[in-house]
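**Q** Residue strings, one per chain:
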Amino acid sequence: MAIVDSAPTALGRLETLPSDWPVGFWSHWGVFTVVIIAFVLLMVMGFIWLERRGMGRMQARLGPNRAGPFGLLQPVADAIKVLLKENITPAQGDKIVHWLAPVVVFAPTLMIFAVVPFSDGALLADLNVGILYVVAISSISALGVFMAGWASSNKYSLVGAMRNIAAVVSYEIPLVVAIASVVLLTGSLSMNDIVLAQHIPFILLQPLGFLIFFISGCAEINRSPFDLMEADSELVAGFHIEYSGMRFAMFYLAEYSEAVIISAIITTLFLGGWRGPVLPPWLWFIVKVFIVFFVMVWTRTTLPRVRIDQLMALAWKFLFPLALINLFITGIELLTWPEALPWVMILVNIAITAVLVLLWSKFFKLGWGRVEV
Amino acid sequence: MTVSLSAWDVANQIKEQFPDAVSEINDQAILVRSESLFEVAQYLKNRPELNFDYLNYISAVDYFDYFELVYQLISINHNHSLILKTRCYGRDNPTLPSLVSLWRGADFQEREIYDLIGITFKGHPNLKRIVLWDGFQGHPLRKDYL
Amino acid sequence: MKFERYGKGIAKGLTVTIRHLLRHPVTAQYPEQRLNVSRRTRGNELIWDKEKCTGCATCAKTCPQGVIHIITSVSAEENKYVVEKFEMDTGYCISCGLCVEACPYEALFMGYAFERAKYQRGELVQADEMLLASAKRRPSGYMHPEIASELPRQTLLVERITEEK
Amino acid sequence: MMAIKTEPFVLNIGPVHPSTHGVFRMRATLDGEVIVNLEPVFGYLHRGIEKLAEERTYTGIIPLTDRLDYLASMSNNLAYVLAVEKLAGISIPERAEYLRVIIAELQRIASHLIAVGAFLNDCGAFFTPFLYMFREREKIVDLFEMLSGQRLLYNYMRIGGFTQDIPDEFLPALDKFVKQMPSFIDEYDYLLKENEILLARAKGVGILPKELAINISASGPVLRASGVKWDIRKVDPYSIYDRFEFDIPTGTAGDCYDRYRVRVEEMRQSLRIIRQAMEQLPAGPIRSEVPHLVRPPAGEAYGHIEAPKGELGFYLVSDNSIAPYRCHIRAPSLLNLTALRDMMIGWKIQDAIIIFGSIDITMGEVDR
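Residue numbers (my numbering), protein chains in the order written: chain A, 1 to 373; chain B, 1001 to 1146; chain C, 2001 to 2165; chain D, 3001 to 3368.
Just so you know, the hints here were simulated from the structure itself, not pulled from any lab data. In this text, a Cβ means the ideal position worked out from N, Cα and C, and glycines have one as well. Be careful, since some hints might not be right.
Calculated cross-link-like contacts (lysine-lysine; reagent style BS3-like; alpha-carbon spacing at most 30 Å) [as the list claims (entries may be wrong)]: (1) A:Lys317 - C:Lys2012; (2) B:Lys1122 - D:Lys3210; (3) C:Lys2136 - C:Lys2052; (4) D:Lys3086 - D:Lys3051.
Covered by chain C, per the in silico footprint, the following chain D stretches (three or more residues, Cβ under 8 Å) [said to hold, decoys possible]: (5) 3055 to 3061; (6) 3149 to 3161; (7) 3306 to 3317.
Take these sequences, add in the hints, and give me the full structure.
**A** What follows is the structure, encoded as structure tokens:
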């Protein structure tokens, strides 16, 4: 009932509200939509460039360096190439779903940016349930992935899609619990408030939460060592094996914009968002996002891939209990010493993290994974 | 150094057990009759002094009148080797006993010989063409294949 | 996953990759930056010395692919063979160098160049004048040490790696 | 465990697949992700080398042998020329013997580098070990290019020796390589040897028990990883291997990790052999007097070497003509695949890929 009641008021408020917004609601909306799309596309290009160049240098080669200075225009060249390619739909595939899947995967990634603050208050919609919105919307793309896997009528893509669903569903839980402990600290679900509350970055107050969030985030967006949904040495390309041309470009774009999102959310939740000295806030934000992504590139370059049962076990046996314990410890800390000095809390939390990880590693063992058939 | 066992000695041991099995002996190899190939091979594998547990290779040669199969047996424990040969007459449907149940290493090699030379191995669990496709006509490694 | 080692191995691996970020890449930028090939390189062409060739066809007999076709006639006044046609199909050539090795009169050379892609298959068949040496078609030192000593020294990766580990 | 009814389905892994190392096809029956049945399908790269060899001269076959295991052409050349020399009773000069050892061991390192790199790449380490290994292999390929003029299909060995003597700059470059290489091997060990994910993926996976390994005629690192100390260089020394000191690394469990470790350790041992051979390398001719067209007496011979992939042997039958009557190739890659099904059943697709990668085959040799 409350929703129905409040709906007209909310709409009414929109008409009158934006005293601090430049030219009213619709122009604000328009400007930020353009900003977000431009931001996402540029960041994706930057990420692709960073990944290919960074990985190239780590692998003792140069990486793309022909298109533009330092190969900066390589993503543009890639985009042009891929747009000129033929769109192929498998003859046995489900045409409509096959066509729809890239859209379903890509659209939510743009929607999430509505709540990511680039600077104080500079965001499309300062939802008071911001982080909940992020969690809710980001799960939608899993549906698109499964649509792609199913509609391609290819066994590889189906297996890849199944793996993806399994991974996303499992890793959502430690992810959300890790977020919950951050929310406990701030007392608000709004992304902007979370940033404002970080006088010291939460990575220090919540080291364990950060670790869990980072690992589950990597798993959510299929980055190595959890990239078994599109494992190129096993499933060739996973769910998008049958895609080409523009639709493939959408998947490619979605993959990297998901990486942008996870980096942006890690930045917002744990690294103090746009806060930082000297440089303008938006630049701080971008720099931090790039640093987070660089760590992902670094791990991708180094680590082998885990197996699907190990992936699930890691989520359920390692991350999930640790996330719960982290949540409890955070709650207890807040209840017992609400006024404790932050630096004491940092030391205590880092100690707790170290002890817990070591302890869990001791207990945690996997079977060899062979199934008798 | 892998010692090549004297074919004469081994042949004498085989003759004690299977008097009719050996048809010809020379310095390098023992030629056994194709009917008793399996028994002789089994004997060579299981006799502790010989203990040929490793089948190194099988080769088949087309001599027009007959096909000659060459088995090199090795004992990992004793580090000695022996060449066992057998002949298979008739070009239409040459048949030999399969040794897969003794040495599984014979699996692909017998399939290959079946494929390229055209010798059927009785008792092979999965005897079909290995490198050529199923409908292929002829056996390329025969000397009369052009 | 065994976490008995607390991710120590993962951390070790990460240090190796990050250290490579600061090292020189080993890639050569091909069209601009050309490395010297071996002095004995067996390029995908054959160079023929018409003066030295006696038309004995040893090369044609040696060639495992049967690439070389040589037609000779007998010249009565000079009492020797005259090569009427010396043709080879580089499309079938496997660059094994056996012909150069076999030639008793040292009239054949492997080519030093390696960029001999053609647009038409027909262009791969080379005969007579096309096979002669020229500024663009330099012979390599394969089986010809006297030529090898004049060619530039081969670029070796082992000498370009400067970092000690 | 659970009562969900599942239905197995058939998945063709290959022939065009990034991890089948060539055109190999595994017809896998899967229950979910678990392999319940598997059938290897060969023949996509069959060129009939054994038949082609019957109509070429003895020297003309050497380029063909390059194309068997194209990642270890020198080893193939060596096995073949040893068989012919045995058949024709040709002895070769001392210097050539030493050079053959050096080259064969270099080739072993090059081949193992690819095997290890490809195996780690199959495990999912995104091309990093692969490219590092390729960098090291590049150095060896450079050396071989200096010798033979080509980078993949060397065609360098001849019956009775070599085509040409080594150039002057070869030994200094080799010396530099031998000095550099151990630190690089250490570094790659540091990169992934103790990596927890790799241990979890490869340890205990794809076990080939000792008895089965012997029974299927496995050879090379696959056999040794199962704990059988069987190396042709030691048990039946060909060429002059009895003059060098080296160990045979063996595994214990016979799993993928052991096969990977055995290969890495073999690289170190190969470096050891090269160092010894370089010290002892005598001067002198590199080719004995062999007629242009070899006509071995009628008879048969089997020459075998410990190639990087296993025991590579050539069984040659001569009828006193310029071409062999029969040339049978004992291909280690093919025989090592015999137990593929046993190793893979019950594992998941991901394991199947790394088990296959750890066997290290080259399709040129499997299909011939």
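**Q** Each hint needs a verdict: does it hold in this structure or not?
**A** Each hint tested on the structure:
1. A:Lys317 - C:Lys2012: Satisfied, since the Cα-Cα distance of roughly 25 Å is no more than 30 Å.
2. B:Lys1122 - D:Lys3210: holds (28 Å)
3. C:Lys2136 - C:Lys2052: The given pair, whose Cα atoms are some 21 Å apart, holds under the 30 Å limit.
4. D:Lys3086 - D:Lys3051: Within the cut-off at roughly 21 Å; holds.
5. 3055 to 3061: Since 5 is at least three, the answer is holds.
6. 3149 to 3161: holds (count 4)
7. 3306 to 3317: violated (count 0)
Hint 7 from the earlier list is the only one contradicted by this structure; the remaining hints agree with it.
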